[in-house]
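> For the sequence shown, the UniProt record's numbering begins at 1 and goes up steadily by one.
Don't take every hint at face value.
As the list claims (entries may be wrong) - Simulated restraints on C-beta separations:
#, residue 1, residue 2, range
1, His-45, Arg-70, 13 to 23 Å
2, Asn-14, Gly-73, 33 to 43 Å
3, Val-27, Ala-104, 31 to 41 Å
4, Thr-10, Pro-108, 23 to 33 Å
5, Val-36, Thr-10, 20 to 30 Å
6, Pro-98, Gly-53, 28 to 38 Å
7, Val-27, Glu-101, 33 to 43 Å
8, Glu-92, Ala-8, 32 to 42 Å
9, Thr-71, Arg-37, 15 to 25 Å
10, Gly-26, Ala-91, 30 to 40 Å
11, Asp-106, Gly-26, 32 to 42 Å
To be verified - The calculated lysine to aspartate or glutamate pairs, modelled on DMTMM-like cross-linking and capped at a C-alpha distance of 20 Å, are:
#, residue 1, residue 2
12, Lys-63, Glu-47
13, Lys-63, Asp-95
14, Lys-84, Asp-67
15, Lys-84, Glu-21
16, Lys-84, Asp-39
17, Lys-63, Glu-21
18, Lys-63, Glu-33
19, Lys-84, Glu-68
20, Lys-63, Asp-13
21, Lys-63, Asp-39
22, Lys-84, Asp-64
23, Lys-84, Asp-95
24, Lys-84, Glu-51
25, Lys-84, Glu-47
26, Lys-84, Glu-16
If you are wondering where the hints come from, they were derived from the structure by calculation, not from laboratory data. Here a beta-carbon is modelled for each residue, glycine too, at the ideal position from N, C-alpha and C.
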Amino acid sequence: MTSTDDAAITVTDNPEQHRFEIHAGGVLAGFTEYRVREDRYSFVHTEIGDEFGGRGLASWLIKDALDEMRTRGAAVLPYCPFVKRFIQRHAEYQDLVPAAERAAFDIPQG
Numbered sequence: 001m002t003s004t005d006d007a008a009i010t011v012t013d014n015p016e017q018h019r020f021e022i023h024a025g026g027v028l029a030g031f032t033e034y035r036v037r038e039d040r041y042s043f044v045h046t047e048i049g050d051e052f053g054g055r056g057l058a059s060w061l062i063k064d065a066l067d068e069m070r071t072r073g074a075a076v077l078p079y080c081p082f083v084k085r086f087i088q089r090h091a092e093y094q095d096l097v098p099a100a101e102r103a104a105f106d107i108p109q110g
């Protein structure tokens with residue numbers, strides 16, 4: 001990450017609003033929304049504020065959210081195009097998408 005103080009970046013789950021949020025310097029910089037059904041999280045939308053663009057915050061947000069999904073033992077359905085591309089490009093997260101669902105999201109079977 002460039003031009004942003006890593007210590008000032010935090011990612012937290014906000015279950016009341018069904019989203020993970022990323023804050024930069026205490027200010028909400030963006031979020032990724034999800035829907036939960038049992039142990040499956042469907043990521044449906046990711047948004048970063050215009051004033052925070054170009055800093056890699058969306059990737060940081062998705063990485064932390066997916067790391068949390070792994071910790072929870074949850075499956076991920078990447079309906080959000082950004083989350084889908086992130087998983088396609090980072091093989092270490094592809095196993096979070098259930099094998100039977102990978103073809104629907106163009107995720108390699110690994």
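> For every hint, state whether the structure bears it out.
Going down the list of hints, with the structure as the test:
The hinted range of 13 to 23 Å is satisfied by His-45 and Arg-70, whose Cβ atoms lie roughly 21 Å apart. For Asn-14 paired with Gly-73, a C-beta distance near 20 Å fails the hint of 33 to 43 Å. The beta-carbon spacing between Val-27 and Ala-104, approximately 36 Å, falls within the hinted interval of 31 to 41 Å. For the hinted restraint 23 to 33 Å between Thr-10 and Pro-108, the CB-CB distance of approximately 32 Å keeps it satisfied.
For the hinted restraint 20 to 30 Å between Val-36 and Thr-10, the CB-CB distance of approximately 22 Å keeps it satisfied. At about 32 Å, the beta-carbon gap between Pro-98 and Gly-53 stays in the expected band of 28 to 38 Å. The hinted window of 33 to 43 Å between Val-27 and Glu-101 holds, with their beta carbons roughly 35 Å apart. Between Glu-92 and Ala-8 the beta carbons are some 26 Å apart, a value that contradicts the proposed interval 32 to 42 Å.
Roughly 19 Å separates the CB atoms of Thr-71 and Arg-37, a value that falls within the hinted 15 to 25 Å. Distance hint check for Gly-26 and Ala-91: the Cβ-Cβ separation is about 34 Å, which falls inside the suggested range of 30 to 40 Å. For the hinted restraint 32 to 42 Å between Asp-106 and Gly-26, the CB-CB distance of approximately 37 Å keeps it satisfied. Only pairs whose Cα atoms come within 20 Å are accepted, and Lys-63 paired with Glu-47 is accepted, the gap being roughly 14 Å.
Of the pairs offered as hints, the one joining Lys-63 and Asp-95 holds, with about 14 Å between alpha carbons and a cut-off of 20 Å not exceeded. Taking the CA atoms of Lys-84 and Asp-67, the gap is about 15 Å. The hint holds against a cut of 20 Å. In summary, the hint linking Lys-84 to Glu-21 is supported, as the alpha carbons are separated by about 18 Å, within the 20 Å threshold. With a C-alpha separation of about 18 Å, the suggested pairing of Lys-84 with Asp-39 holds against the 20 Å cut-off.
About 12 Å separates the Cα atoms of Lys-63 and Glu-21, which keeps this hinted pair within 20 Å; it holds. Distance hint between Lys-63 and Glu-33 is fulfilled; the C-alpha atoms sit about 14 Å from each other, no more than 20 Å. Under the criterion of a C-alpha separation no larger than 20 Å, the hint pairing Lys-84 with Glu-68 is consistent with the structure, at around 17 Å. Between Lys-63 and Asp-13 the CA atoms are separated by roughly 13 Å; this keeps the pair inside 20 Å, and the hint holds.
For the hint linking Lys-63 to Asp-39, the alpha-carbon distance of about 19 Å falls within 20 Å, and the restraint holds. Under the criterion of a C-alpha separation no larger than 20 Å, the hint pairing Lys-84 with Asp-64 is consistent with the structure, at around 15 Å. A C-alpha spacing of about 13 Å is found between Lys-84 and Asp-95, which places the hinted pair at or below 20 Å, so the restraint holds. Taking the CA atoms of Lys-84 and Glu-51, the gap is about 24 Å. The hint is violated against a cut of 20 Å.
For the proposed pair Lys-84 and Glu-47, the alpha carbon gap of about 14 Å is at most 20 Å, so the pair holds. Using a Cα cut-off of 20 Å, the hinted pair Lys-84 and Glu-16 is violated, with the two alpha carbons roughly 24 Å apart.
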